[in-house]
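A.B. asks: Below, each chain spelled out in residue letters.
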Amino acid sequence: MWTQRVFSLKPRPRGFHLITEEVLRQLPELSDYSVGMLNLFIKHTSASLTINENADPSVRQDFEAFFNQTVKENEPYYTHTDEGSDDMPAHLKGSLLGFSLQIPITAGRLNLGIWQGIYLCEHRNHGGARQLVATLYGEK
Amino acid sequence: MWTQRVFSLKPRPRGFHLITEEVLRQLPELSDYSVGMLNLFIKHTSASLTINENADPSVRQDFEAFFNQTVKENEPYYTHTDEGSDDMPAHLKGSLLGFSLQIPITAGRLNLGIWQGIYLCEHRNHGGARQLVATLYGEK
Amino acid sequence: MWTQRVFSLKPRPRGFHLITEEVLRQLPELSDYSVGMLNLFIKHTSASLTINENADPSVRQDFEAFFNQTVKENEPYYTHTDEGSDDMPAHLKGSLLGFSLQIPITAGRLNLGIWQGIYLCEHRNHGGARQLVATLYGEK
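Protein chains in written order, with our numbering: chain H, 1 to 140; chain U, 1 to 140; chain C, 1 to 140.
Derived from the structure by calculation, the hints contain no laboratory data. Be a bit skeptical, because a hint or two may be false.
[As the list claims (entries may be wrong)] In silico lysine-lysine, DSS-like type, Cα no more than 25 Å apart, as pairs:
1) U:140 to C:72
2) C:72 to U:72
3) H:43 to C:72
4) H:140 to U:72
5) H:72 to U:72
6) C:72 to H:72
7) H:10 to H:43
8) U:43 to U:10
[As the list claims (entries may be wrong)] A few chain U residues that don't get close to chain C, going by computed Cβ distances all over 10 Å:
9) 7
10) 11
11) 25
12) 53
13) 56
14) 61
15) 62
16) 69
17) 78
18) 97
19) 111
20) 128
21) 138
22) 139
Just so it is clear, the structure is predicted and the values come from calculations on it, not from any experiment. Think of the CB as a built atom: it goes at the ideal place given N, C-alpha and C, for glycine as much as any other residue.
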């Protein structure tokens, strides 16, 4: 059994954002799957997806600070600079974090840990509405 | 054909640990799959999963040293500090390494390279027994 | 429906290389899948796979520079040094970027974003021909 849906997230500022509920609203069929997988894929190279703590917003704030420290803008060795100082770091952060998630489904629900949430990692200053492909597959 | 199992790993100290055999012991059904996938998912935000060299323990020792250098404790810009100095770095290391693995199955076995093993990346000082979801799917 | 193929990429020098077309040439069955997933898995611990910008080669050049800056050779704390100064950094870069990709299939094609391409990340100076496992699964 397969369900696939392409949809856009609402635009968000640069930073790390909890999107678990916004994703689940797109997937009412989830409850039909007794066992399966959700693949969540972002169709971009300057925004990415990860999982992390779903409770305290300070975690997401520290993610933004850490990644800005670790993948700096305006490194003298960057050659891909035409699209702005936030562009090349965005590509690098994207590949460090990854562009897809695979989350198991158990008894009609995502089998996430109690503290796990889905993050949109928006690495551009003005990234706009990001497009996702959600693919559910498994057994009724 | 689907098989799904939730189980706990034995507790391990902070560091990188080879868990291929401990995982395989939980999955006797693997040999029934002629072609398929194993998804291994960790239900935490401060421990993660990766693949790397399965032979020389010095690789895992250098992983711990590298990640401690690269994702430092007590960065002045951290705001999420209530759960100890190893907590925020653990969240960051987790997202850098990732919380799930997708490994192909061929003729009843994981189709890993000869040097590849599955690592538990324990980022907390006292992480305890970590919970995994293993999902096998494919054809008999 | 499942299709699985093991194949070698042509050898490439250290650096980041766009391999989308070379991978697709191995997978003529892709067009038979109305909905599904491609899992691409690299059977090594010193070369990895990621997705990033498919247009401007300067992005790939900056990836090589960034990862060389961030995961240095000859760190004094490395203990795994017998296989050359490029070896331990290669293992670390591999785990940071990851060893598999999961890409959704829609209407017989990979549902990649318009700017997304598949990168081989060759972290060794002389890595040779890298072996991939491509697994397609889904519905006709």
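A.B. asks: Against each hint, give a clear statement of whether it holds in the structure.
C.D. replies: A quick look at each hint next to the structure:
1. At roughly 45 Å between alpha-carbon atoms, residue 140 (chain U) and residue 72 (chain C) are farther apart than 25 Å, so this suggested pair is violated.
2. Using a Cα cut-off of 25 Å, the hinted pair residue 72 (chain C) and residue 72 (chain U) holds, with the two alpha carbons roughly 16 Å apart.
3. Simply put, residue 43 (chain H) and residue 72 (chain C) have alpha-carbon atoms about 31 Å apart, too far for the 25 Å limit, and the pair is violated.
4. A hinted pair counts as satisfied when its Cα atoms are at most 25 Å apart, and residue 140 (chain H) with residue 72 (chain U) does not qualify at roughly 45 Å.
5. Between residue 72 (chain H) and residue 72 (chain U) the CA atoms are separated by roughly 16 Å; this keeps the pair inside 25 Å, and the hint holds.
6. A threshold of 25 Å between alpha carbons decides the hint, and for residue 72 (chain C) with residue 72 (chain H) the separation of about 16 Å falls inside it, so the pair holds.
7. Restraint check for residue 10 (chain H) and residue 43 (chain H): the C-alpha separation of about 15 Å stays at or below 25 Å, so the hint holds.
8. In summary, the hint linking residue 43 (chain U) to residue 10 (chain U) is supported, as the alpha carbons are separated by about 15 Å, within the 25 Å threshold.
9. No beta-carbon of chain C is positioned within 10 Å of the beta-carbon of residue 7 (chain U); the least distance is around 22 Å.
10. Every Cβ of chain C is farther than 10 Å from the Cβ of residue 11 (chain U); the closest lies at roughly 22 Å, confirming the non-interface assignment.
11. With a cut of 10 Å on Cβ distances, residue 25 (chain U) stays outside the contact zone with chain C, its closest approach being about 22 Å.
12. Interface exclusion of residue 53 (chain U) from chain C breaks down, the closest Cβ pair being 5 Å apart, not more than 10 Å.
13. The beta carbon of residue 56 (chain U) is not kept farther than 10 Å from every beta carbon of chain C, the shortest such distance being approximately 6 Å.
14. With a closest Cβ-Cβ approach of about 6 Å to chain C, residue 61 (chain U) is found to fall inside the 10 Å limit, against its non-interface label.
15. With a minimum CB-CB distance of about 5 Å to chain C, residue 62 (chain U) fails to clear the 10 Å threshold, and the non-interface call is violated.
16. Consistency note on residue 69 (chain U): stated as away from chain C, yet its beta-carbon is not over 10 Å from all of that chain's, at 7 Å minimum.
17. Separation of residue 78 (chain U) from chain C is adequate, the least Cβ-Cβ distance of about 20 Å exceeding the 10 Å criterion.
18. Consistency note on residue 97 (chain U): stated as away from chain C, yet its beta-carbon is not over 10 Å from all of that chain's, at 6 Å minimum.
19. Distance check for residue 111 (chain U) against chain C: the nearest CB is about 5 Å away, which does not clear 10 Å, and the non-interface claim fails.
20. Non-interface call for residue 128 (chain U) relative to chain C: holds, since the shortest CB-CB distance, roughly 23 Å, exceeds 10 Å.
21. Not every beta carbon of chain C lies more than 10 Å from that of residue 138 (chain U), the smallest distance being close to 6 Å; the non-interface claim is violated.
22. A cut-off of 10 Å between C-beta atoms contradicts the statement that residue 139 (chain U) is not in contact with chain C; the least separation is 5 Å.
In summary, the numbered hints that this structure violates are 1, 3, 4, 12, 13, 14, 15, 16, 18, 19, 21, 22.
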